[in-house]
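Novice: Protein chains in written order, with this note's numbering: chain A, 1 to 344; chain B, 1001 to 1344; chain C, 2001 to 2344; chain D, 3001 to 3344.
These aren't lab readings, by the way, just hints derived from the structure by calculation. Just so you know, not all the hints are guaranteed correct.
[Said to hold, decoys possible] Cross-link-like lysine-lysine pairs, in silico, BS3-like; alpha carbons within 27 Å at most: (1) D/K3025 <-> C/K2258; (2) C/K2025 <-> D/K3025; (3) D/K3258 <-> C/K2025; (4) A/K122 <-> C/K2313; (5) D/K3313 <-> B/K1122; (6) A/K25 <-> B/K1122; (7) B/K1220 <-> C/K2220; (8) A/K313 <-> C/K2122; (9) D/K3194 <-> D/K3122; (10) D/K3122 <-> A/K220; (11) A/K258 <-> B/K1278; (12) B/K1313 <-> D/K3122; (13) A/K25 <-> B/K1313.
Protein chains: 4
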Amino acid sequence: MKEFKSFASDNYAGVLPQVMEALQKANTGHARSYGADEITQRTRALFDQVFEANANVYFVFNGTGANVLSISAATQSYNAILCADTSHIYNDESSAPETFTGCRFFPLTANEEGKLTPQIIKERLIRSGDVHYAQTRLVSITQSTEYGTLYTPEEIKAIAHVAHQHGLFLHVDGSRFFNAAAALGCSLADISSKADVDILSLGGTKAGMMFGEAVVVFNKDLVEHIAYKHKQIMQLASKTRFIAAQFEAMLQDELWRKVASHANHMAQQLQQVLARYKEVKITRPVQANALFAEIPRAWYEPLQEHFPFYVWKDSTHEVRLMCAFDTTAEDIAGFDAALQHLAK
Amino acid sequence: MKEFKSFASDNYAGVLPQVMEALQKANTGHARSYGADEITQRTRALFDQVFEANANVYFVFNGTGANVLSISAATQSYNAILCADTSHIYNDESSAPETFTGCRFFPLTANEEGKLTPQIIKERLIRSGDVHYAQTRLVSITQSTEYGTLYTPEEIKAIAHVAHQHGLFLHVDGSRFFNAAAALGCSLADISSKADVDILSLGGTKAGMMFGEAVVVFNKDLVEHIAYKHKQIMQLASKTRFIAAQFEAMLQDELWRKVASHANHMAQQLQQVLARYKEVKITRPVQANALFAEIPRAWYEPLQEHFPFYVWKDSTHEVRLMCAFDTTAEDIAGFDAALQHLAK
Amino acid sequence: MKEFKSFASDNYAGVLPQVMEALQKANTGHARSYGADEITQRTRALFDQVFEANANVYFVFNGTGANVLSISAATQSYNAILCADTSHIYNDESSAPETFTGCRFFPLTANEEGKLTPQIIKERLIRSGDVHYAQTRLVSITQSTEYGTLYTPEEIKAIAHVAHQHGLFLHVDGSRFFNAAAALGCSLADISSKADVDILSLGGTKAGMMFGEAVVVFNKDLVEHIAYKHKQIMQLASKTRFIAAQFEAMLQDELWRKVASHANHMAQQLQQVLARYKEVKITRPVQANALFAEIPRAWYEPLQEHFPFYVWKDSTHEVRLMCAFDTTAEDIAGFDAALQHLAK
Amino acid sequence: MKEFKSFASDNYAGVLPQVMEALQKANTGHARSYGADEITQRTRALFDQVFEANANVYFVFNGTGANVLSISAATQSYNAILCADTSHIYNDESSAPETFTGCRFFPLTANEEGKLTPQIIKERLIRSGDVHYAQTRLVSITQSTEYGTLYTPEEIKAIAHVAHQHGLFLHVDGSRFFNAAAALGCSLADISSKADVDILSLGGTKAGMMFGEAVVVFNKDLVEHIAYKHKQIMQLASKTRFIAAQFEAMLQDELWRKVASHANHMAQQLQQVLARYKEVKITRPVQANALFAEIPRAWYEPLQEHFPFYVWKDSTHEVRLMCAFDTTAEDIAGFDAALQHLAK
């Protein structure tokens, strides 16, 4: 039987051909290490252009590294971070943030779409100045969210406004930031620098890179210590050029938009397919490249044989189907066929 | 003028063609993430074969990550680590080990060759069981050392013996482990599993990989928590196959030996060249791919223009020249010409 | 006007005369430091007798120290702790636990009485063995709770059972443990060693000591590292005899029961007084020495002038009144008079 | 036989009668907790007066707590601390500083008297701005030193000057600070605020208090976070008045000078006694309350039977004899008699 793509995660996908080509082109002779090379310099300038900001960019290995570096840039060890109780940073990065920064998380109950609102945040802005209470210093939101939903530029701005009013910084965990911008039809700047975000974890791996993410700092208050922490946090690559070159390929001519739009489009296709089955209930708005749906539990096993996916919430049979840059119409059709077989 | 290779560091070099090819071959469709893929499984089996051991292998992003993961596997937060005062782990990894593990370093004065001896270690094995004193739990040595010198298998065994007698573990920081084994003409196992090493940081990047190192655990007492710490320490790659594939290429048919031997040979050539200049004094035995020499300070600048290198100890004009897998006889000849020009 | 006692906290009270006397008696000549003295040895034996167990006892300075030492004895840095979202350990100890142990908290929604139940705990026992998720290793409950309510011996046993079934340890934060045992009319052992508790923070300060708490370890699996962490965590007193002597005084002839019963009794008296005011609604069962009630907000200021107390939840006008060992019937009467004045 | 005092440590001594009296006087009714009480306020004002400075004072439980709070106020986690290799902070506080602050220690070889000099410090002020190297931010010296020697006000000023020139802070570990000032015949200010010290751990316990030390901050750059860290570090006492009252007693009418001078005088007496024995060699200048001497190893046991002391360096038979506020001429005479017996 034909091998289909997995819907388990976009990190099951490999590397975009354009990115692979950029890696090969970057492999010419010697280059200074630890980010002092030309490609890294050039790519940093490209970030400034794309993000329409005088940003500070730090290339890191993976998403957890990006998030922890972001937190460490914004906090002292007695600080706390507000995030959605559904967030990746709270559920899927072990206790890396605590161990490295010493900080506390205060998880907030996200709304149905997995999003925080200014109101939800405000309710937790308590006990400022009280030494007995871990002092909240950072709000972290995910774009696109763990439910594949989106914050609009206005929503981000509103959250940034509340945060800044109370002396907090706003971090965006953007492991699927490209998918978000593509789905919103906006620029990368529109949902970051122009929306008053202070610091961004920009994901590369899930978008089609081999490895590598970037921490993009828009607020100069956060740069004093970050270069030292970048190294200390074990996220400074000696051959940085090979992360930078991948990002250069992604940002040039908006390759990111093309590939993220495709993944988003595949999720829409999947939604159309699933909507036809009465046994299936789509549970969250399909806005980026993820689809959440309740399906009969008996379908798990036969479906996963060819189309691996994650069971999100077993109690309600809610599963997550994730599309990647390389998901094809054929994969969707194959999934449809498998469903037809099960639905009789 | 022709562009020569830098002697600054072997991490200035790019990626071996065979490694680049392996990366491309690994880029086929979807693969399970976080090390559950086939290439990773296959490469782990290859490690067992090459290291002649039933080892546990954890692929990480960089050398600091490998070292900190190794320490964290062997220690509690009230423990201490013994290492050479010249070691990379003590001088070039910020305070990453302390921040992540909470442990203390007790640096030991290394001998002239940058090596620890059983005697040096024994003298610091004090106050065991005293709660006021950070309890020593790990000895870390570097192979090849920061001075480009080598521990023989017997020397490692002797250190392991002292460590184990006192309830300590032995870690080897092997960012240039391939150079060491190539220079010693021995197998990788001879200076690790067979020399009673407990845990090894095996370097890939400086040997010609794009990124990636491996933590190889030989002592099962160190595996209880390590998989959790691997993630927590921000060193678990989602697309692990792309680290594993590089190591597979390095280990197959002993590619590592071929390329490391070449780098070592270039260092020998360099030594022959330098020995001809009366203004130059070679300061350490040239055993692997590094050469240390005292040169006139006035030569720094003109030499570095075309051949970047590190000044190791400015007070004595001691410089470090590092050869890489891609250093050529032409580079050496070019350097010789530059020296001739300066020496008149 | 006469000076009344505060209802703000039992740590506003001073030192019991019997404890002060014990401190003076302990002050005779030299004694070995760091707990190697006779009084400490003697008091440890008394703990074993009182707790009907072969316990390991560590004297510490304060409650946060006791809790953090307890956590550190039971966890690795990638672990998580389950506790009530209302708990002191989560709300009133800054981020001390995270900074020192690296661990994550997963706060659970406590029931109306501020208590956890086996069911509440079970629902969070997810993702065991998943390296991406901080691995739950400890359940921490408070006895008496932050709402002045009590866990019965059976309730504790049931929680311990669930914890142990899932490979977790059970910690009791007992800063008001004496109040709990006195109110339950049971022995200290009944709600600790005999209820399968693994480790206990036993409070002395709020019960009438000058300073000092004890970590009492019942489960030998938790003692391997704890003596080292006791020192490392900055909680090992050089003149330990002066903590031990206070506990000796508290435990001898059950002084603790006498003084805690008095405080509990005062809370009952206070309840009878408050029940007479229609403007007042008692919000939690009054079981130990705390009373929670909703009172008119306009009453805060005039009442607090002579009877300081904490506003627990401003949105509902819920306040906390805490009785101490030195609260008197006269204080209650004075409060009653103040209420009468306000109620017209 | 009569019971003599131990020479093991000044923390074997109990509590000064004046301090015990102050504790009893402080025990009157309720007082606000966590340092908001009147005694604490009053004592803080007394500190300002005595230290001739607008200082910030934080009362803590013990010396390790004082030192770690001081470090945490001055550093980020990627920083390093310079201290003498003989220092208490490096040898006798487990890895508490690393675990809580994440920082690295770079131990410096102290001179014969156990002191650092500007020259020793300068030699280690390397690699500023290099992200790979833990960035030195704090110098910590001990007054009086671990060898019972003294820094003069001028020596401290000179070290402060070097530190400040290089953007470092100067910390003084003053667990025997009173002994130092008494021996120097100067004010507390002369060797702290007036000598450009940034932050001081002021010892109370060894001087005759039951427990308690103070962190005294002279440099306002260090106060931004310290109140939060004071709590977070588990060193904020709920009944702070009982630490403050002890310090008030020590500072009033310079009680500290009287008792510290006595201890210092006893060390001088001891020196005169020991100087008479040809088998004994005094190894360090006797300047405060400690005496170091080489004695025959055969004498250890018979002497320690009645006069416990620490063997400092077994290889040379060097022992430490420490006098306390309660050491008497009779104790010295008794020791003399024991020596006579051994010397025949």
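Novice: Compare the structure with each hint and give your call.
Specialist: Hint check results:
{"no.": "1", "hint": "D/K3025 <-> C/K2258", "result": "holds (24 Å)"}
{"no.": "2", "hint": "C/K2025 <-> D/K3025", "result": "holds (17 Å)"}
{"no.": "3", "hint": "D/K3258 <-> C/K2025", "result": "holds (24 Å)"}
{"no.": "4", "hint": "A/K122 <-> C/K2313", "result": "holds (16 Å)"}
{"no.": "5", "hint": "D/K3313 <-> B/K1122", "result": "holds (16 Å)"}
{"no.": "6", "hint": "A/K25 <-> B/K1122", "result": "violated (51 Å)"}
{"no.": "7", "hint": "B/K1220 <-> C/K2220", "result": "holds (23 Å)"}
{"no.": "8", "hint": "A/K313 <-> C/K2122", "result": "holds (16 Å)"}
{"no.": "9", "hint": "D/K3194 <-> D/K3122", "result": "holds (22 Å)"}
{"no.": "10", "hint": "D/K3122 <-> A/K220", "result": "violated (32 Å)"}
{"no.": "11", "hint": "A/K258 <-> B/K1278", "result": "violated (62 Å)"}
{"no.": "12", "hint": "B/K1313 <-> D/K3122", "result": "holds (16 Å)"}
{"no.": "13", "hint": "A/K25 <-> B/K1313", "result": "violated (36 Å)"}
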